[in-house]
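Number of protein chains: 2
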Amino acid sequence: MVASGAKLGILAGAGELPLRVIEACRATNRPFFVLGFEGSADPAIAAGVPHAWVRLGAAGEALRILRENGVAELVMVGGVKRPSVLQLRPDWHAAKFFARIGYRALGDDGLLKAVIHELEEVEGFRVVGVESILGSAVAPEGPLGRHAPDEQARQDIAQGFRIIRALGALDIGQAVVVQQGLVLGVEAIEGTDALIERCRALRREGPGGVLVKGAKPGQERRADLPTIGPRTIAAAVAAGLRGVAVDAGSTILIDRAELVAAADRAGIFVAGVPAT
Amino acid sequence: MVASGAKLGILAGAGELPLRVIEACRATNRPFFVLGFEGSADPAIAAGVPHAWVRLGAAGEALRILRENGVAELVMVGGVKRPSVLQLRPDWHAAKFFARIGYRALGDDGLLKAVIHELEEVEGFRVVGVESILGSAVAPEGPLGRHAPDEQARQDIAQGFRIIRALGALDIGQAVVVQQGLVLGVEAIEGTDALIERCRALRREGPGGVLVKGAKPGQERRADLPTIGPRTIAAAVAAGLRGVAVDAGSTILIDRAELVAAADRAGIFVAGVPAT
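Note that the protein sequences, when read in sequence, are chains Y and H.
Under our numbering, residues -7 to 268 are what the first sequence spells out, in order.
Under our numbering, residues -7 to 268 are what the second sequence spells out, in order.
Everything labelled a hint here was simulated from the structure, so no lab data went into it.
Nothing here was measured: the structure is a model prediction, and the numbers come from that model.
Treat the hints loosely; a few may be bogus.
Residues from chain H shown here face chain Y by an in silico Cβ test under 10 Å; the list is partial [as the list claims (entries may be wrong)]:
no.: 1; residue: D100
no.: 2; residue: A158
no.: 3; residue: V168
no.: 4; residue: G173
no.: 5; residue: I181
Glycine included, each C-beta is placed from N, C-alpha and C at the ideal position.
Just chain Y, with the same shape it has in the complex (with noise of 0.2 Å):
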């Protein structure tokens, strides 16, 4: 990937991933400065590297924070565990806007493409999509590893993708996990993990199910696009599922070689699967 040679701000949730766009930034002798989120990010991202934390709901501080460290370009990396407005103790900047856009009526992705909409619009930051900086992670078409889904598993991938595409539409959840034609479970808030695990216990014999996991229809791409990784692979081995199906060109692969070697050693399928 070309690098700007902007300073990167890095606006950090939970997971790997912001250490991931670290890692690049240094491979790349890109400027950066992480903005980690409390309760959220990993601390252990922030050794060695020039950072601050803040609290999601104090927006004035952390903007402030921002342009002090002479950043330019920012990218949101990492989930973040959305609060009620109470929890998020929003500051005198953060209120305003939530006020303006009516915090409560709006889903994940609504949100984000606010939040996203004001920094640049508003407050004249550039927002770039984790992409541009991790390229070769991005999930390509076809299976990824030495497995590949047969006949029953392609027709359980293309019953998940009917399913991630409507539920996206009500901007619900990322991902689903069906077996046989049964969907054994939905996302919601409580995150791709903790469904595969509940999944466990609701298998039913004979083959096992498939993981489907893809962006909303008309998805904000500059957060929260649909991730997986070497943990997600775990999971789904232990759940007994047969494989995993994401959105080619629009899943962020985590580690990708660890990934890939975690489903071969198990015998299940990664695939990308084309939007249609």
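Fit chain H to the known structure of chain Y by using the hints.
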């Protein structure tokens, strides 16, 4: 309710509903015969009543037993954990039927519709809805107890019903939990009690969520109508929910008096919402 004179065959799945139907038959001196599905129906329901047990896949045997016992009219009550084809071990009669309708391609409602059509048009039984036997157990419009939803709860209820209708069109689940506009959980195969239980850990600060449960659009009303009972209320209270909203006119209330008393004691609402 006016009871028909014909002997009623009670096809019994899980939960308390089969017992309520047996009690209603006794109260009206209506002859009946219970056919319990092994692994689903509570063994206690068979005590002291004419009955037989069958595997779910043993369609030929089930039909023979019903005919030998002079059953003309059938009611299907209580949930059945839908197995994979392999677990089902269909007998010859069932295998032919499943091959004809395409078992794997059908959602729950599609499958139940096909079964009812087969029982009536091919096998010559009459299939009635449970509400024709337990008429007073159908949820009316409006609050059932002392408490009513406030403005925030009404918004969450409206959002919940929008999701239920969309999910229902995909023939997935019947229930969803919404808190302050956040979709905490969506029901698939795990059932409503498990949905409520996991939302306990997902709850946010502030006013609690609501359980919304409703029929699928165009749902076959003679099987699998949404059902709530005192156990639903206990689970909702334990999970910090503020209330339960159901489809007026097409939700079965188990032990209505006890259900309402439990909700009143806990200070939560139970409300029937007219279909829009």
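Hint check results:
1. Evaluation of the D100 of chain H hint against chain Y yields a held restraint, the C-beta minimum of about 9 Å falling below 10 Å.
2. Hint status for A158 of chain H: holds, given a least beta-carbon distance of 6 Å to chain Y, under 10 Å.
3. Taking 10 Å as the C-beta contact cut-off toward chain Y, the hint placing V168 of chain H at the interface holds, the least distance being around 8 Å.
4. Restraint check, G173 of chain H versus chain Y: the minimum CB separation of about 4 Å is within 10 Å; hint holds.
5. Taken as an interface hint, I181 of chain H checks out: its beta carbon lies about 5 Å from the nearest beta carbon of chain Y, inside 10 Å.
Hint violations for this structure: none, all hints satisfied.
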